[in-house]
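Protein chains in written order, with the working numbering: chain A, 733 to 1302; chain B, 797 to 884.
It should be emphasised that the hints constitute simulated quantities derived from the structure, not laboratory data. Don't take each hint at face value.
To list a few chain A residues with every Cβ distance to chain B over 10 Å, as calculated [as the list claims (entries may be wrong)]: (1) Thr-807; (2) Ile-811; (3) Glu-816; (4) Asn-837; (5) Val-843; (6) Arg-858; (7) Asp-948; (8) Lys-965; (9) His-970; (10) Pro-1230; (11) Glu-1241; (12) Ile-1291.
For lysine-lysine, the following BS3-like pairs were computed, each having C-alpha atoms within a straight-line distance of at most 30 Å [said to hold, decoys possible]: (13) A:Lys-1286 - A:Lys-1002; (14) A:Lys-826 - A:Lys-883; (15) A:Lys-906 - A:Lys-1020; (16) A:Lys-779 - B:Lys-832; (17) B:Lys-820 - A:Lys-826; (18) A:Lys-883 - A:Lys-893; (19) A:Lys-1018 - A:Lys-991; (20) A:Lys-826 - B:Lys-830; (21) A:Lys-906 - A:Lys-1018; (22) A:Lys-1218 - A:Lys-1242; (23) A:Lys-1002 - A:Lys-1018; (24) A:Lys-992 - A:Lys-779; (25) A:Lys-872 - A:Lys-893; (26) A:Lys-999 - A:Lys-757; (27) A:Lys-999 - A:Lys-1271; (28) A:Lys-872 - B:Lys-880; (29) B:Lys-880 - B:Lys-832; (30) A:Lys-883 - A:Lys-965; (31) A:Lys-973 - B:Lys-880; (32) A:Lys-776 - B:Lys-832; (33) A:Lys-776 - B:Lys-880; (34) A:Lys-999 - A:Lys-966; (35) A:Lys-734 - A:Lys-1020; (36) A:Lys-893 - B:Lys-820; (37) A:Lys-1242 - A:Lys-1276; (38) B:Lys-880 - A:Lys-826; (39) A:Lys-776 - A:Lys-991; (40) A:Lys-776 - A:Lys-763.
Keep in mind the model is a prediction, meaning the values are calculated, not measured. Cβ coordinates follow ideal geometry from the N, Cα and C atoms, glycine included.
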Amino acid sequence: MKILEGIPVSTGIAIGPACIIERPKLNIERKRIHPDEVALEIRKFHKAITELGEEIDHLIADLSQPQDNRDILTTHKMILQDVEFAANISRLVKNELCGIEEAINRHFTNVVNLFNDMENEYFSLRSSDYEDVAYRLLSKLLNQKSNYFAKLSENSIMITKNITPSEVTRVFNKNIAGFCTEGGSKNSHSSIIARSMNLPTLVDIQDLLQMVNDKDLLIIDGNLGKLIINPDKKTQDHYQKLLAEEKTQLNYLQTLIGKKCVTTDGKVIKLMCNIEIPEEISNVVKLKSDGVGLFRTEFLFMDKNRLPSEDQQFEIYRDIVKQLSPDPVVFRTIDVGGDKLSGLLNIEHELNPNLGTRGIRISLKHIPIFKVQLRAILRASVFGNVKVMFPMISTVGEILRIKEILKECREELKTEKIPFKSDIKIGAMIEIPSAAITSDNLAQECDFLSIGTNDLVQYTLAVDRDNELVDEYYIPHHPSVLRLLKLTADNGYKYNVPVAICGEMASEEKYIPFLLGLGINEFSVSPGRLLMVKNTIMKCNYQKAVAKTNQILKENTYIDVMKRIEEFRL
Amino acid sequence: MIKKTIIIDNQLGMHARPATMIVKAASKYRAEFKIKKDDTEINGKSIMGVMTLAAEYGSSLELIADGVDEEYLIEEIAELFASKFGEE
């Protein structure tokens, strides 16, 4: 029995045989070219280099990747653009009349051998970078795409070096029990999809491919982030039992699909999904939620070579809206830091991106881009129930400015005779303390408010939630946060504006009764958590929750708050 | 042409990250840039060259720059080595 550690992407347990998926071998023809073809081969080479270079640039721009990965990618790009590499290739093609693929293969084989011969292991390991670049470049030139997932059998656990989002969607149809990758990060697109499907997944497992053999019995423990290889009898029994319990619970949760989400005393709660990519929609439909409470539109901008056009955005929005009609879809306009868009826009590097030009600040700084998105959303509104909300609002002035821009968009569309609904609802995200404190003003200018707890906690407590060193300061139930939630909920009530909640707090079992007790009646959570949240809500009594919430709000320290919360769960 | 000898002072030697930093820095200049270790001389603007030098902690390298901005190039590269590539 061996145990490897990885980063859990979604909770849950999987047991099954290992199925190792490796990249297919490349078939490189050994051919001699005619001297007339030299120029053509060299052109092919430069085109492939440019394209791959751009692909790498976009990976580097993706800040959800750990810095280490991005450093490696920077090295890869340099390997690709190496002057000596280009010189050697052109020599091989011109003097020896090699085909371009063979020339590249010969070049990299030599380099890799050079590394493998080094005595210092730390250096010799670097050959993998050259192999990686060579593989990507050659598969691009050979245009090789084969179905190397064919060998995956049902209930197996897929083991692979890396997986792209398009591959994940292909893999899902195979009914595998789970998967593990050697690379990857918690918030890559592939991971998001895995999470929303509740598929047990571990990423970033060191030496995975060396440690696992095909058909080894594997256990993924998504709660502890462990991969157990060939478990002993005792471990196996233990996990079989856990898995059985999990299945019973899961089967029970499945019975909630289609049931109305009400508290025991009859208060109806709207339960919606947070979505990051269109591929998740089919799952949302299956869950029969009340719609999408947060559609993050960042994916449109993140790994693209150019800004998405109005038509491209419109088509994506329209398809989603159509699939969910008559349930609402709340689009949130682009919410990333400028650092992530530096490849697309000319944005200066900022020392502190979380407090810099991000969210609505980007949109208001680049109004033409903002208008393209608003117009696409307006156009999609014809096909169902569309709402739009704005991230990182810090003052009511921003909402007023947005309304002016929206008005311009409507007028333009009208002149162009393009149909849209004139009355789509607009909302402000409440995720900056200043917005929560002035939520009375915002409520008077908006049709709804939506609380994003992740950022609200981060900005209220001045804690970077991605910084492990200050983990202990990230306390969602800190009295300051609870009071801001209360203030926002009360202002919503006062001005008769619905208040929704879409941060992670909304899907944490322990906080749900408190949030209900504030009078929040719209929860938006990730699809993977939806049924669990529904189950919790349906067990709550609203009147009692109100009383408990008021007691919790009287506590002075977060320790006492947690004591109360725990007490009330019993 | 100017030459400067330096000793590698960071524990891990000239692995991928320092090599990337050197090539990135050197490529900004017009001068030719070579690095010599023992009898091997490589193009200092080629990541492949720099990495295949496999220069470990304590090894001695000769930096050779030749061109209009050679002084600046040598100065920046020497500074990178002196800073131990920000590793310690």
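For each hint, the structure was consulted:
Here A:Thr-807 does not stay apart from chain B, with its beta-carbon only about 5 Å from theirs, under the 10 Å limit. The claim that A:Ile-811 is not at the interface with chain B is violated, since a C-beta of that chain comes within 10 Å of its own (minimum 6 Å). Listed as outside the interface, A:Glu-816 is inconsistent with that label: its C-beta sits roughly 4 Å from the nearest C-beta of chain B, within the 10 Å cut-off. Interface exclusion of A:Asn-837 from chain B stands, the closest Cβ pair being 15 Å apart, more than 10 Å.
For A:Val-843, the shortest C-beta to C-beta distance to chain B comes to about 6 Å, within the 10 Å cut-off, and the non-interface label is violated. Residue-level check failed: A:Arg-858 sits 6 Å from the nearest beta carbon of chain B, not beyond 10 Å. Even its closest Cβ contact with chain B, about 32 Å, leaves A:Asp-948 beyond 10 Å, as expected for a residue assigned away from the interface. In this structure A:Lys-965 is separated from chain B by more than 10 Å, as the shortest Cβ-Cβ distance comes to about 43 Å.
With a cut of 10 Å on Cβ distances, A:His-970 stays outside the contact zone with chain B, its closest approach being about 41 Å. The non-interface label for A:Pro-1230 is consistent with chain B: the shortest C-beta to C-beta separation is roughly 51 Å, beyond 10 Å. The claim that A:Glu-1241 is not at the interface with chain B holds, since no C-beta of that chain comes within 10 Å of its own (minimum 43 Å). No Cβ of chain B comes within 10 Å of the Cβ of A:Ile-1291; the nearest lies about 40 Å off, and the non-interface call holds.
With a CA separation close to 28 Å, the supplied pair A:Lys-1286 and A:Lys-1002 stays within the 30 Å bound. Only pairs whose Cα atoms come within 30 Å are accepted, and A:Lys-826 paired with A:Lys-883 is rejected, the gap being roughly 42 Å. Simply put, A:Lys-906 and A:Lys-1020 have alpha-carbon atoms about 23 Å apart, close enough for the 30 Å limit, and the pair holds. A C-alpha spacing of about 33 Å is found between A:Lys-779 and B:Lys-832, which places the hinted pair above 30 Å, so the restraint is violated.
For the suggested pair B:Lys-820 and A:Lys-826, the alpha carbons sit about 29 Å apart, so the restraint of at most 30 Å is met. Distance restraint check for A:Lys-883 and A:Lys-893: the Cα-Cα separation of roughly 16 Å lies within the 30 Å cut-off, and the hinted pair is therefore satisfied. With a C-alpha separation of about 13 Å, the suggested pairing of A:Lys-1018 with A:Lys-991 holds against the 30 Å cut-off. For the given pair, A:Lys-826 sits about 26 Å from B:Lys-830 by alpha-carbon distance, which is consistent with the 30 Å threshold.
Taking the CA atoms of A:Lys-906 and A:Lys-1018, the gap is about 18 Å. The hint holds against a cut of 30 Å. A C-alpha spacing of about 17 Å is found between A:Lys-1218 and A:Lys-1242, which places the hinted pair at or below 30 Å, so the restraint holds. With a CA separation close to 16 Å, the supplied pair A:Lys-1002 and A:Lys-1018 stays within the 30 Å bound. Taken as a hint, the A:Lys-992 and A:Lys-779 pair is broken in the structure, with Cα atoms around 56 Å apart against an allowance of 30 Å.
Proximity of A:Lys-872 to A:Lys-893 is assessed by CA-CA distance (about 19 Å); at most 30 Å being required, the pair is judged to hold. Only pairs whose Cα atoms come within 30 Å are accepted, and A:Lys-999 paired with A:Lys-757 is rejected, the gap being roughly 60 Å. A hinted pair counts as satisfied when its Cα atoms are at most 30 Å apart, and A:Lys-999 with A:Lys-1271 qualifies at roughly 12 Å. A threshold of 30 Å between alpha carbons decides the hint, and for A:Lys-872 with B:Lys-880 the separation of about 37 Å lies outside it, so the pair is violated.
At most 30 Å may separate the alpha-carbon atoms for a hinted pair to count; B:Lys-880 and B:Lys-832 meet this at roughly 19 Å. Between A:Lys-883 and A:Lys-965 the CA atoms are separated by roughly 28 Å; this keeps the pair inside 30 Å, and the hint holds. Restraint check for A:Lys-973 and B:Lys-880: the C-alpha separation of about 53 Å exceeds 30 Å, so the hint is violated. With a CA separation close to 34 Å, the supplied pair A:Lys-776 and B:Lys-832 exceeds the 30 Å bound.
Only pairs whose Cα atoms come within 30 Å are accepted, and A:Lys-776 paired with B:Lys-880 is rejected, the gap being roughly 40 Å. Straight-line distance between C-alpha atoms of A:Lys-999 and A:Lys-966 comes to about 46 Å, which puts the hinted pair past the 30 Å bound. Only pairs whose Cα atoms come within 30 Å are accepted, and A:Lys-734 paired with A:Lys-1020 is rejected, the gap being roughly 41 Å. Between A:Lys-893 and B:Lys-820 the alpha-carbon distance is near 29 Å, which keeps this suggested pair within the 30 Å criterion.
For the hint linking A:Lys-1242 to A:Lys-1276, the alpha-carbon distance of about 15 Å falls within 30 Å, and the restraint holds. Between the alpha carbons of B:Lys-880 and A:Lys-826 the distance comes to roughly 41 Å, so the proposed pair goes past 30 Å and is violated. For the hint pairing A:Lys-776 with A:Lys-991, the CA-to-CA distance comes to about 58 Å; that exceeds 30 Å, so the pair is violated. Pair hint A:Lys-776 plus A:Lys-763 holds up; C-alpha atoms about 16 Å apart against a cutoff of 30 Å.
Hint check: violations occur at hints 1, 2, 3, 5, 6, 14, 16, 24, 26, 28, 31, 32, 33, 34, 35, 38, 39; the rest are consistent with the structure.
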